[in-house]
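Enquirer: These protein sequences, in sequence, are chains E and W. Here the first sequence is numbered in our numbering, starting from 20 and rising by one per residue. Here the second sequence is numbered in our numbering, starting from 20 and rising by one per residue.
Keep in mind that the hints were calculated from the coordinates and are not lab data. Among the hints, a few may not be true.
Heads up, the list lumps identical chains together, so a pair's fine if it works in one copy or across two of them.
[Stated by the list, open to error] Cut-off 35 Å, straight-line C-alpha distance, at most; resulting in silico cross-link-like pairs (DSBU-like, lysine-lysine):
hint, residue 1, residue 2
1, K146, K50
2, K79, K93
3, K79, K146
4, K79, K50
5, K50, K143
Number of protein chains: 2
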Amino acid sequence: MTENNMAFLDEIAWTQEGLIPAIAQDAETGKVLMMAWMNREALAETATSQYAVYWSRSRKAIWRKGESSGHRQKVIELRLDCDADVIVMRIEQEGGIACHTGRESCFYRTFQDGQWSVADPVLKDPKEIYS
Amino acid sequence: MTENNMAFLDEIAWTQEGLIPAIAQDAETGKVLMMAWMNREALAETATSQYAVYWSRSRKAIWRKGESSGHRQKVIELRLDCDADVIVMRIEQEGGIACHTGRESCFYRTFQDGQWSVADPVLKDPKEIYS
Chain E
20 MTENNMAFLD EIAWTQEGLI PAIAQDAETG KVLMMAWMNR EALAETATSQ
70 YAVYWSRSRK AIWRKGESSG HRQKVIELRL DCDADVIVMR IEQEGGIACH
120 TGRESCFYRT FQDGQWSVAD PVLKDPKEIY S
Chain W
20 MTENNMAFLD EIAWTQEGLI PAIAQDAETG KVLMMAWMNR EALAETATSQ
70 YAVYWSRSRK AIWRKGESSG HRQKVIELRL DCDADVIVMR IEQEGGIACH
120 TGRESCFYRT FQDGQWSVAD PVLKDPKEIY S
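Please model the entire structure based on the sequences and the hints provided.
Expert: See below:
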């Protein structure tokens, strides 16, 4: 995409830090897998590459999801909300694991009897994923 | 719930402003309907009332979703992510409309041919909803 085609980035209501939250949802099952943040560069690259690219707030760097784990997220559909300040991506999760804990989804804790309880299994040892 | 039972709130990694993003997802269809923010009070009330309560950042006030529109969100399941800084709620959307534009979902724009395009219909005129 050329700079001329980047007008869609100007429609985003970026935070003061220049970010927007991006929700990744499994395109097939509808399961919400994770939420992370994108900056302008990350969203531009996501749109052009069709693979999810985030901005890591902790590492302060572009985060090409799956670069070290192999668990890339192929983007099937990108959606923007009414306030233009949240994105939903329907994705295909390579390896079936989105979470750094080795689980399918980062949302593996449910609220049960007044507490957060782990409800979903680890599918692969993180030591194996990141070795 | 008594104060003793509010320990689950202390596990949240609140932002500097004391907030956490909360994603509302239709429990039946899996459609992501909206994302808004909760503070401690909003999450406590959501957990006890079983209806979604947010913190309105623009109005700086507790926002009992559906109070003016009637479009309340009955909470079926609450989930927390690995970093304890995002919540997903599986909900039943009363009236079938989550968005203030009168649409089912706030994510009614898709990225098509390099632009954000409106893809979902208005189900009810907002003037009727908020009259």
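Enquirer: Now tell me if each hint is right for this structure.
Expert: Cross-check of the supplied hints:
When the C-alpha separation of K146 and K50 is checked against a cutoff of 35 Å, the pair qualifies both within a copy, at 25 Å, and between copies, at 33 Å. Taking CA atoms no more than 35 Å apart as the test, K79 paired with K93 passes inside one copy only; the shortest distance there is 23 Å, against 37 Å between copies. Taking the shortest Cα distances, K79 and K146 sit within 35 Å of each other inside one copy (24 Å), while across copies they are farther apart (44 Å). For a Cα distance limit of 35 Å, the shortest separation of K79 from K50 qualifies both inside one copy, at 28 Å, and across copies, at 31 Å.
When the C-alpha separation of K50 and K143 is checked against a cutoff of 35 Å, the pair qualifies both within a copy, at 19 Å, and between copies, at 28 Å.
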